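Given only the sequences and the hints, what does the whole structure look like? Please build it.
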Amino acid sequence: MVKKSVTSKKSVSYGIALLAGAGAVLAGAVFSVGAGARSIFLAQEEEIIPIIAGGDLDNIPALMRGNLPVATTSSLAGEHKRTKPPRMCEMPKDYFEKIDQGLDQASGYTRRNEYVRKYRPRRGFLNEREMRAARTAWHYFELFTQESTGLANSVGNYPSTTLWDTASYIAGAVAAYELCIIEKPEFDKRITQLLTTIKGLELFRKELPNKVYHTKTGAKVDYTNKPGEIGFSALDIGRFLVWLRIVKNRYPHLGNTVDSVLLKWDFRNVIDDEGLMFGSYVDKDSGETVYAQEGRLGYEEYAAKGFALWGFKPYLAHRAEPFLTASIYGVQVPYDGRDPRIFHSQNYVVTESYLQDGLELGFDLPHDDSSPDWLHSDGWRAEFADRIYQVQENRWRRTGFMTARSEHNVKGPPYFTYDTIFSDGYPWNTVTPRGDYVPDHAAVAAKAALGLWALWDTDYTDVLYEAIIELYDPETGMFEGLYERGQGRVEIFTANNNGIILTSLLHKVQGTILTPYTGETEVWYTAYRDQDIRIVRNYPDPPQKEDWLPALRHSEQTQADF
Amino acid sequence: MLTFQNTALAGLLIGVSVTAAGSQVQIQNVENFASENAILDTSILFAIGAREARQELRGAFGWPTFQEGLVDGVYFRFDPDGYARFSPNPRLDTDVFEVVCRPRTYSCMGRKGTLSYMLNSRGELQIRLENAAEGDRFFVVEGISELEVPARILQPLDDRMETLLSSSDELIIRRGQDEVDRVSLVGFGAVSAYLRWISARQDYTVLPRGWPIPNGANGATDANLTQAANWQSPMPQPQTPIQTVDTGVDAEMAEVKGELNVLRELLLERHSQNSVSTQPVASPVQSPSQEALRIVELERNAAELQAELERLRSAAQPPNQEALGHKTEMFPAAPSVVASATPAATQPEQASYPQAGTGPKAEAGTLAARLEYLMTEIGLDAKTALMIIEMGSEAEMDETETITPTTVAETYQNQLMNEILSELHKSVGPKPEQPTVEQTQLEPVSIAPTTLPPQDYVLLSDYFRSVFPQAQTSQ
Chain W
1 MVKKSVTSKK SVSYGIALLA GAGAVLAGAV FSVGAGARSI FLAQEEEIIP
51 IIAGGDLDNI PALMRGNLPV ATTSSLAGEH KRTKPPRMCE MPKDYFEKID
101 QGLDQASGYT RRNEYVRKYR PRRGFLNERE MRAARTAWHY FELFTQESTG
151 LANSVGNYPS TTLWDTASYI AGAVAAYELC IIEKPEFDKR ITQLLTTIKG
201 LELFRKELPN KVYHTKTGAK VDYTNKPGEI GFSALDIGRF LVWLRIVKNR
251 YPHLGNTVDS VLLKWDFRNV IDDEGLMFGS YVDKDSGETV YAQEGRLGYE
301 EYAAKGFALW GFKPYLAHRA EPFLTASIYG VQVPYDGRDP RIFHSQNYVV
351 TESYLQDGLE LGFDLPHDDS SPDWLHSDGW RAEFADRIYQ VQENRWRRTG
401 FMTARSEHNV KGPPYFTYDT IFSDGYPWNT VTPRGDYVPD HAAVAAKAAL
451 GLWALWDTDY TDVLYEAIIE LYDPETGMFE GLYERGQGRV EIFTANNNGI
501 ILTSLLHKVQ GTILTPYTGE TEVWYTAYRD QDIRIVRNYP DPPQKEDWLP
551 ALRHSEQTQA DF
Chain X
1 MLTFQNTALA GLLIGVSVTA AGSQVQIQNV ENFASENAIL DTSILFAIGA
51 REARQELRGA FGWPTFQEGL VDGVYFRFDP DGYARFSPNP RLDTDVFEVV
101 CRPRTYSCMG RKGTLSYMLN SRGELQIRLE NAAEGDRFFV VEGISELEVP
151 ARILQPLDDR METLLSSSDE LIIRRGQDEV DRVSLVGFGA VSAYLRWISA
201 RQDYTVLPRG WPIPNGANGA TDANLTQAAN WQSPMPQPQT PIQTVDTGVD
251 AEMAEVKGEL NVLRELLLER HSQNSVSTQP VASPVQSPSQ EALRIVELER
301 NAAELQAELE RLRSAAQPPN QEALGHKTEM FPAAPSVVAS ATPAATQPEQ
351 ASYPQAGTGP KAEAGTLAAR LEYLMTEIGL DAKTALMIIE MGSEAEMDET
401 ETITPTTVAE TYQNQLMNEI LSELHKSVGP KPEQPTVEQT QLEPVSIAPT
451 TLPPQDYVLL SDYFRSVFPQ AQTSQ
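Residue numbers (the numbering used here), protein chains in the order written: chain W, 1 to 562; chain X, 1 to 475.
It is worth saying that the hints were derived from the structure and are not from the lab.
Only a predicted model underlies this, so the values are computations on that prediction, with no experimental measurement involved.
Certain hints may be false.
Simulated DEER-style distance windows between Cβ atoms [said to hold, decoys possible]:
hint	chain 1	residue 1	chain 2	residue 2	range
1	X	Glu124	W	Gly486	34 to 42 angstroms
2	W	Leu203	X	Pro88	43 to 51 angstroms
3	W	Phe401	X	Arg209	44 to 52 angstroms
4	W	Arg485	X	Arg152	32 to 40 angstroms
5	X	Pro90	W	His80	54 to 62 angstroms
6	X	Thr94	W	Val536	52 to 60 angstroms
7	W	Ile533	X	Pro212	54 to 62 angstroms
8	W	Pro474	X	Arg174	49 to 57 angstroms
9	W	Leu552	X	Thr94	36 to 44 angstroms
10	W	Glu147	X	Glu124	46 to 54 angstroms
11	W	Phe401	X	Glu134	36 to 44 angstroms
From the three backbone atoms N, C-alpha and C, an ideal C-beta is built for every residue, glycine too.
What follows is the structure, encoded as structure tokens:
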């Protein structure tokens with residue numbers, strides 16, 4: 001019996017039964033695990049997450065998008081916003097003892113592509129000489145502002161101006177107010193009249209302001225100041241936008257006036273989908289508007305940041321590429337890589353655009369409202385600016401020529417020169433707008449010299465300061481510069497020169513001129529939400545983090561290259 | 001430093017660019033920039049290959065366009081206000097001739113280093129050398145060879161002197177054995193042409209022979225752009241005095257200038273005649289004219305013969321005037337040939353003088369009228385006016401001689417005519433196989449030879465064979 005029972009467990013039927021039982025157990029286990037998992041996941045999906053109006057999950061319609069707060073580094077990272085410094089006459093005497101200059105910070109890029117420069121800016125109260133220069137520079141605007149329109153002449157008493165030079169006038173007015181040369185009533189009166197006039201200007205073909213306007217009448221004119229239209233300049237508009245943002249952020253009571261100016265403009269053609277900026281001109285034969293890419297390395301990025309400060313997305317214009325470098329006195333000087341023979345636009349390397357970026361924007365990205373002055377979130381701009389400074393100092397040390405090069409006006413023909421560090425394949429090339437080489441017009445540009453002095457606290461800029469700080473006519477303003485070949489002063493007075501000089505002096509007192517926006521929403525973003533005007537004119541929404549211009553870096557030059 | 005007639009004007013021009021210090025000066029300079037300063041249309045090309053380009057302006061004012069190109073071995077660029085640079089280097093950076101114009105005028109000056117020059121009121125170039133002094137000697141250099149030029153290069157340049165300077169590389173000033181100055185003349189010719197072109201309101205006719213003038217038809221059209229009514233360019237319009245000047249006054253000015261040119265040419269002609277008057281033989285100019293005269297006579301004979309031939313052929317039939325006229329056009333008409341042989345310079349003279357009558361009385365009246373015209377309108381003194389009238393009479397006589405065959409030639413012609421006519425009369429007969437005159441003349445000229453019988457060819461060939469050997473032997 002026992003033997004029989006053992007034999008039965010090894011039978012075929014027993015094996016089948018065992019297999020079937022094991023399969024059933026396995027199937028039951030799989031079912032139970034699957035059911036359990038399904039219940040877990042389904043339970044998560046079915047969980048109701050409340051979408052808060054205006055929150056991250058709220059797909060806000062365009063009608064309401066204007067109320068979104070602008071995303072900045074302070075709002076997202078919880079960092080403290082920079083604050084607007086007090087006017088110079090309101091500063092405590094120990095004000096500059098407390099500011100952080102980052103003197104213990106090593107120069108170079110950070111992990112987030114910010115850059116710490118090798119040099120620090122000058123900071124402190126203005127001394128008597130500097131105040132005299134500031135008052136004289138402001139005197140230019142007192143002399144040459146037209147009562148009828150509030151516009152200031154670009155050059156002396158020649159009654160025409162551009163948006164670039166009008167921005168210089170605004171810079172002068174802001175500096176004069178902050179340096180306590182003028183008081184608020186006069187400042188408000190000037191800015192209000194100016195912006196009201198600009199709001200009423202006849203635009204170029206109902207798009208954007210014409211390149212040039214007559215300052216007495218406010219009529220749009222051509223380059224010879226005759227009634228007509230030329231086109232618009234994206235670079236000029238970009239600089240103007242920088243200063244409108246500065247005014248709006250510093251003086252909220254002028255915000256609505258500022259917004260109302262921009263809300264008359266049509267931005268549909270000035271920036272394309274790739275983020276490239278376009279200017280326009282009139283075709284001579286057909287009379288049609290021609291849109292052409294505008295801006296080269298230096299100016300292009302500065303103007304692009306002006307647009308970005310108002311929510312536009314000039315991604316491509318803000319990039320350095322395509323760029324090349326030319327080795328001059330051991331410095332790899334960056335210049336625009338677009339071939340002038342193909343693009344018919346010169347690649348001038350001058351100091352001015354780097355200075356304006358440094359003085360006005362602190363070499364920071366538009367969304368950065370919290371980093372200290374010594375840390376530049378638009379890192380490569382600061383690093384390139386260091387090279388622009390260094391090559392000029394090196395030239396002075398190797399040749400003895402004081403060098404602070406920029407574009408500047410000259411008296412008589414050709415009226416204007418690009419006094420460049422590099423252009424057309426040549427270093428220290430001084431050329432006219434039509435391309436003639438005019439070395440006799442090479443000069444130490446006053447605005448460049450004092451700009452370098454403000455941003456680079458070095459022995460060399462002390463020399464520049466001595467050359468320029470008394471270069472004025474007390475009855476008119478600061479001279480344009482000092483001829484390099486000993487022909488004396490560049491005896492011409494311009495809004496741009498005097499405006500940048502005032503900006504440089506203001507930077508010494510207050511640091512980066514652009515201050516954070518302190519309000520919540522802006523009319524610029526909320527207006528016309530119930531119409532299609534915003535879409536037609538390409539008005540942007542408040543920029544969010546994904547809209548920020550990227551912080552990039554390029555290879556850094558750490559040692560001299562010979 | 002030498003002073004010249006136009007020193008004041010040149011000084012004024014220099015004063016435009018070299019000014020005293022002070023804000024007032026700056027203001028003045030800026031004010032000088034105005035659309036009224038535009039005297040040139042940069043879309044009218046100065047030479048083949050030039051182009052108009054846009055300026056890259058960052059400031060609030062300036063010229064929106066300019067023109068650049070390469071001509072006569074130098075690169076150039078100029079603005080609407082006439083400001084120009086000429087250089088053998090495309091950067092226009094070395095060896096530069098600069099041209100500056102007095103604002104709102106066509107008075108311009110070329111300058112390079114110590115050399116400056118401009119057009120005087122007579123359209124002649126007048127150069128000025130800052131370092132030149134009395135007694136200096138001047139040399140032009142081409143390659144390694146030097147040629148001394150007279151000090152009259154400091155006076156208005158004649159064509160030969162201008163050509164010499166244009167074709168030279170450098171101008172050297174020597175004081176004794178010392179070289180005082182050396183000025184490059186590269187671009188001198190191009191700048192001279194440019195100055196004349198400006199002065200003539202961008203008229204191509206004043207440019208030198210052989211100048212690479214852009215397409216003639218377009219150029220003529222473009223030249224009209226300087227007229228206010230036709231101006232279409234969006235660039236600053238030249239505020240040319242010519243646009244506001246009364247056309248009547250303009251015509252008078254042109255007339256006076258034409259008179260002056262005629263007088264100048266007459267004086268030059270007389271000067272050249274004086275220089276060769278001691279030679280016993282006729283002047284070299286006369287010899288070709290005699291040959292031309294012979295050719296003219298022969299051609300006229302041929303034309304007359306052809307007319308006679310046609311007359312004979314159509315003797316039996318009603319003449320077809322239209323066809324006859326068409327046929328005779330195959331030969332040059334005698335008057336036009338004669339006119340073309342007439343010196344062109346004498347033509348304006350005839351037109352500009354008061355019209356002469358006929359007969360001795362009328363001739364005396366004409367002389368008086370001419371004399372009065374020269375003295376009152378041109379402002380010449382009586383002696384000079386009389387001299388010019390005498391020269392004019394001589395020129396007219398020469399002209400008349402050119403037009404009218406001499407007696408000898410007439411005799412020869414008659415003789416020749418008789419011979420040829422007799423030969424023709426022998427050859428031309430009523431041959432039935434020949435086409436009629438009407439048939440021949442109704443055919444287009446271009447295809448007539450294919451329809452004519454070979455006898456006609458033989459006839460003309462024989463004619464020329466018969467004429468030319470005689471003509472050659474008669475000389």
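Hints versus structure:
1. X:Glu124 to W:Gly486: 34 to 42 angstroms: Since X:Glu124 and W:Gly486 have Cβ atoms about 38 angstroms apart, the given range 34 to 42 angstroms holds.
2. W:Leu203 to X:Pro88: 43 to 51 angstroms: Given about 46 angstroms between the Cβ atoms, the range holds.
3. W:Phe401 to X:Arg209: 44 to 52 angstroms: holds (48 angstroms)
4. W:Arg485 to X:Arg152: 32 to 40 angstroms: About 37 angstroms separates the Cβ atoms of W:Arg485 and X:Arg152, which means 32 to 40 angstroms holds.
5. X:Pro90 to W:His80: 54 to 62 angstroms: holds (57 angstroms)
6. X:Thr94 to W:Val536: 52 to 60 angstroms: Given a distance of about 54 angstroms, which is inside 52 to 60 angstroms, the answer is holds.
7. W:Ile533 to X:Pro212: 54 to 62 angstroms: holds (56 angstroms)
8. W:Pro474 to X:Arg174: 49 to 57 angstroms: Check passed, 51 angstroms falls within 49 to 57 angstroms.
9. W:Leu552 to X:Thr94: 36 to 44 angstroms: holds (42 angstroms)
10. W:Glu147 to X:Glu124: 46 to 54 angstroms: holds (52 angstroms)
11. W:Phe401 to X:Glu134: 36 to 44 angstroms: Hint holds: Cβ distance 42 angstroms, inside 36 to 44 angstroms.
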